[in-house]
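**Q** Top line first, the protein sequences correspond to chains A and B. Just so you know, this note's numbering puts 149 at position 149 of the first sequence, and the rest follows in order with no gaps. Just so you know, this note's numbering puts 227 at position 227 of the second sequence, and the rest follows in order with no gaps.
Calculated directly from the structure, the hints in this document are not laboratory data. Beta carbons: idealized from backbone N, C-alpha and C, even for Gly. Treat the hints with care, since some could be wrong.
[Stated by the list, open to error] Partial chain B-side listing against chain A, Cβ under 8 Å, derived:
(1) 10
(2) 61
(3) 64
(4) 79
(5) 90
(6) 103
(7) 126
(8) 129
(9) 131
(10) 132
(11) 136
(12) 187
(13) 212
[Said to hold, decoys possible] Under 8 Å between C-beta atoms, here's a sample of chain A residues computed to sit facing chain B:
(14) 33
(15) 151
(16) 163
(17) 166
(18) 273
[What the hints assert, rightly or not] DEER-style ranges, computed between Cβ atoms:
(19) A:71 to B:110: 44 to 54 Å
(20) B:211 to A:219: 19 to 29 Å
(21) A:57 to B:83: 45 to 55 Å
(22) A:92 to B:114: 30 to 40 Å
(23) B:143 to A:310: 48 to 58 Å
(24) B:143 to A:31: 14 to 24 Å
(25) A:233 to B:83: 25 to 35 Å
(26) A:303 to B:83: 24 to 34 Å
(27) B:142 to A:32: 24 to 34 Å
(28) B:57 to A:121: 31 to 41 Å
(29) A:58 to B:31: 57 to 67 Å
(30) B:2 to A:107: 12 to 22 Å
(31) A:219 to B:94: 31 to 41 Å
(32) A:280 to B:94: 44 to 54 Å
Listed below, chain by chain, are the residues.
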Amino acid sequence: MASTPPTLLEPVRARPAQPPASGPARRRRTTLVGWSFILPNFVGFAALTLVPVVATLCLAFMQWNSYSAPEWVGLDNFRRLRASETFWIALRNTAFYAAGHIPLTLAASLGFAVLLNRRLKGIGLFRTALFFPYITSLVAVAVVWNMLFSPDTGPVNQFLHALGVQDTPGWTTSTTWAMPAVIITSVWRDLGYYMVLYLAGLQTIPAELYEAAEVDGAGPWARFWRITVPSLRPTTFFVLIMLTISSFKVFDLIQIMTEGGPGRSTLVLSQVIFREGITEGRFGYSSAIALVLFLIVLTVTVVQFRIQQRGER
Amino acid sequence: MLIPFGWMLVSSVKLDAEVFTVPIQWIPDEFHWDNFTQIWERIPLATYLKNSLILSVSITALQVLTGSFAAYGFAKVRFPGRDLLFVAYLATIAVPWQAYMVPQYIIMEHLGLVDTHLSLILLQAFGAFGVFLMRQYYLSIPDELSEAARLDGLSEYGIWARIILPLSKPALASLALLTFVNTWNDYMGPFIYLTSNDLWTVQIGLRSFVGLFDAEYAMMMTGSVISILPIVVVFLLGQRYFVRGIATNGLK
């Protein structure tokens with residue numbers, strides 16, 4: 001239709017309507033237009049996300065300190081890691097945090113979502129109340145919970161006393177109870193976010209399924225396990241992946257509540273990366289820890305993906 | 001669930017000695033509202049709030065602008081390599097930030113931007129998150145609309161500005177609110193990059209106050225209340241956009 005393909009310099013607005021048929025020139029122009037949209041974001045994204053991600057991969061196999069030139073050292077950083085006690089402690093603590101944070105947040109958010117998935121007056125208020133901790137600042141949350149957990153006269157222990165618990169935990173001052181205290185706080189903070197995801201998932205389950213099951217005589221418990229849980233499988237899959245990633249990269253909450261202490265009882269991997277890489281300037285070594293962290297997240301995610309796929313068959 | 005907030009509010013108008021009483025005093029004998037005036041003299045809270053505002057507003061503006069622009073390229077323009085590029089964006093969402101923060105820091109150090117607000121703005125404004133969220137929304141807008149506009153002679157940029165953007169106000173609101181809140185609440189970024197006191201955000205300032213005066217319980221709560229007030233306002237204004245943003249982001 002158009003006798004001459006429009007050149008790039010031609011003002012785009014002035015061109016006549018284009019047929020969907022595509023010549024090489026048109027294709028080239030579309031490509032340029034497409035890139036022009038993406039470019040402003042991509043420049044920043046490539047320089048400050050993509051390049052650092054790739055750099056981490058390379059740096060993990062190099063020795064590079066703030067005062068020496070980078071040098072290829074193969075697996076040396078990983079050998080040092082294997083011998084480092086701090087690394088293993090941090091790895092174990094991170095796994096402990098994940099093992100508490102993931103199932104508890106999942107159960108709590110699913111439970112509240114099912115509970116609040118009904119049309120009642122004022123139910124929105126409850127949802128808001130549950131969601132609110134998620135958007136409040138972590139510093140405020142950590143400061144408040146640290147005080148709530150205060151061992152002598154803190155409200156949590158007062159409550160436990162009232163329940164008849166004699167030997168109340170020392171929470172953030174105790175090497176045994178600091179991590180549980182952090183986990184409780186994190187579950188309280190995050191469950192609202194995942195509850196919103198579950199509420200959206202619950203909307204997609206047709207009401208007829210429940211009605212049919214009720215006719216067949218299935219009680220609420222059976223309906224929950226036979227209909228709700230299987231129908232929510234895609235949501236649960238997504239929630240699990242998000243929880244896994246967020247558990248393994250936990251930093252802020254622990255840094256503010258306990259700074260990794262007492263001792264090293266709540267020290268996690270991302271704190272070690274921060275200390276080694278940024279405070280101490282050991283770029284290569286810290287990148288090796290970062291790579292391990294990433295590989296763990298990747299493995300757990302791939303395993304969850306496999307299980308999800310098998311479940312769908 | 002809201003009990004901790006209630007306790008925080010009550011404690012913020014108490015005397016230090018009244019914060020930890022047995023049993024808990026839910027209504028203080030006397031309301032010490034002066035805590036809320038005193039705290040401004042104790043720490044440069046106004047500076048902290050201003051810094052948090054500068055960062056949150058500029059990062060949100062850039063994220064929304066570049067994110068929604070790039071998302072149009074990914075959702076509505078077909079060109080070779082597009083999907084591969086999008087996979088690169090997606091893949092980085094799954095990589096924890098901690099895994100590449102050291103190279104980022106080295107780059108910023110070379111640019112001489114450590115201990116400036118600009119470093120944080122550059123780091124957080126071009127995230128994949130905004131692109132992802134906006135693309136999901138654009139995909140739900142029927143292509144016939146942009147086709148019709150194209151036949152009317154509107155350029156791709158015109159379609160974005162005049163057709164797609166006005167239609168995606170809810171998604172833009174979600175993205176803006178989520179980014180604003182995330183930036184306002186961010187601790188790790190400012191913690192790593194900002195060392196000068198006069199550049200600190202509310203979060204860092206509050207944390208440092210708690211570290212320095214760890215027995216001034218009431219004042220700590222006062223500071224906490226002030227630090228979340230802006231978020232409460234933003235949240236109440238745009239509550240439904242938050243929920244919608246999270247739900248779209250999560251399930252498509």
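**Q** All hints, please: hold or fail.
**A** Taking the hints in turn, this is what the structure says about them:
1. 10: violated, 11 Å
2. 61: violated, 13 Å
3. 64: Violated, about 11 Å.
4. 79: With a closest approach of 4 Å, the residue 79 of chain B hint holds.
5. 90: violated, 12 Å
6. 103: holds, 4 Å
7. 126: holds, 3 Å
8. 129: At 11 Å from the nearest chain A Cβ, residue 129 of chain B fails the 8 Å test, so the hint is violated.
9. 131: holds, 6 Å
10. 132: violated, 11 Å
11. 136: violated, 13 Å
12. 187: holds, 4 Å
13. 212: Interface hint status for residue 212 of chain B: violated (13 Å vs cutoff 8 Å).
14. 33: Constraint on residue 33 of chain A satisfied, holds at 5 Å.
15. 151: Where the cut-off is 8 Å and the nearest Cβ of chain B is about 11 Å from residue 151 of chain A, the hint is violated.
16. 163: Hint on residue 163 of chain A: violated, closest Cβ of chain B at ~14 Å, above 8 Å.
17. 166: Cβ of residue 166 of chain A sits 15 Å from chain B, so the hint is violated.
18. 273: holds, 5 Å
19. A:71 to B:110: 44 to 54 Å: violated, 19 Å
20. B:211 to A:219: 19 to 29 Å: violated, 53 Å
21. A:57 to B:83: 45 to 55 Å: violated, 23 Å
22. A:92 to B:114: 30 to 40 Å: holds, 32 Å
23. B:143 to A:310: 48 to 58 Å: violated, 35 Å
24. B:143 to A:31: 14 to 24 Å: Since the Cβ atoms of residue 143 of chain B and residue 31 of chain A sit about 19 Å apart, the hinted range of 14 to 24 Å holds.
25. A:233 to B:83: 25 to 35 Å: holds, 26 Å
26. A:303 to B:83: 24 to 34 Å: holds, 26 Å
27. B:142 to A:32: 24 to 34 Å: Holds, at about 25 Å.
28. B:57 to A:121: 31 to 41 Å: Because 37 Å falls inside the window, the suggested range holds.
29. A:58 to B:31: 57 to 67 Å: For residue 31 of chain B against residue 58 of chain A, whose Cβ atoms are near 59 Å apart, the range 57 to 67 Å holds.
30. B:2 to A:107: 12 to 22 Å: holds, 20 Å
31. A:219 to B:94: 31 to 41 Å: Given a distance of about 40 Å, which is inside 31 to 41 Å, the answer is holds.
32. A:280 to B:94: 44 to 54 Å: violated, 28 Å
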